[in-house]
Amino acid sequence: MLVQQYKSLIADEVKIYSILANTSAFIYQNFKNLNWAGFYLAEGEVLYLSSFQGKIACTEIPFSRGVCGKAAREQKTIVVDDVHEFKDHIACDSASNSEVVIPIIVNSKLYGVLDLDSPLKSNFKDKDIVLTLEKIATELANKIKELL
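Per full-length UniProt numbering, the very first residue in the sequence shown carries number 1; after that it's consecutive.
By construction, these hints were calculated from the structure, which means they are not laboratory data.
Where a beta carbon is used, it is the ideal one built from N, C-alpha and C, also for glycine.
Be aware that a few hints might be false.
What follows is a set of in silico ranges between Cβ atoms, one per label pair, in the way DEER data are often shown [stated by the list, open to error]:
hint, residue 1, residue 2, range
1, N107, E74, 12 to 22 Å
2, K145, Y48, 19 to 29 Å
3, E45, D12, 28 to 38 Å
4, K127, Q4, 12 to 22 Å
5, Q4, K145, 17 to 27 Å
6, M1, N142, 17 to 27 Å
7, E146, Q5, 11 to 21 Å
8, E146, A25, 28 to 38 Å
9, K127, E74, 14 to 24 Å
10, D12, A95, 33 to 43 Å
11, V130, D93, 19 to 29 Å
12, K55, S122, 16 to 26 Å
13, F86, N33, 32 to 42 Å
Work the whole structure out from these sequences, hints included.
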């Protein structure tokens, strides 16, 4: 149901920056126990902050660092139940305890990542939640592809 709502939200949009802004708000409002939800967009081997909901965030993340960097390098979803045990975690908000990062792949190339943080440990252990987020990321990637 959430994926259908999301598809309706972005269906008639024509600006990627508007879609990213509303996507971060949609996720922040519809998923529980988040303290940050947003995007980092890829340029070269660096991720740059884009639209988000939450506290002020790190503006640049090299592919070589953190959970976002690992998801960018491996181009796969990374779920971390306890960020304090993740080697090289970048703590933009000390209140974050778990994280999920989902790559956004457009035309077989990394466009960016969707990053969600939670103040609760293991907030993303439910595979259905992660699967729904991945479906939203796929719909987003399809829409971006259509607009490029």
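Against the structure, the hints come out as follows:
1. For N107 paired with E74, a C-beta distance near 18 Å keeps the hint of 12 to 22 Å intact.
2. Separated by about 20 Å at the C-beta atoms, K145 and Y48 satisfy the suggested range of 19 to 29 Å.
3. Taking 28 to 38 Å as the suggested C-beta distance range, the pair E45 and D12 conforms, at roughly 35 Å.
4. Between K127 and Q4, the C-beta spacing of about 20 Å keeps the proposed range 12 to 22 Å intact.
5. Separated by about 20 Å at the C-beta atoms, Q4 and K145 satisfy the suggested range of 17 to 27 Å.
6. Taken as a hint, the range 17 to 27 Å holds for the pair M1 and N142, whose Cβ atoms sit roughly 19 Å apart.
7. Taken as a hint, the range 11 to 21 Å holds for the pair E146 and Q5, whose Cβ atoms sit roughly 19 Å apart.
8. Our hint of 28 to 38 Å for E146 and A25 is violated, since their Cβ atoms are close to 21 Å apart.
9. At about 18 Å, the CB distance of K127 to E74 agrees with the hint of 14 to 24 Å.
10. Between D12 and A95 the beta carbons are some 36 Å apart, a value that agrees with the proposed interval 33 to 43 Å.
11. Restraint check, V130 to D93: a C-beta distance of roughly 21 Å satisfies the suggested window 19 to 29 Å.
12. At about 21 Å, the CB distance of K55 to S122 agrees with the hint of 16 to 26 Å.
13. At about 18 Å, the CB distance of F86 to N33 disagrees with the hint of 32 to 42 Å.
The structure is inconsistent with the numbered hints 8 and 13, although it conforms to all the rest.
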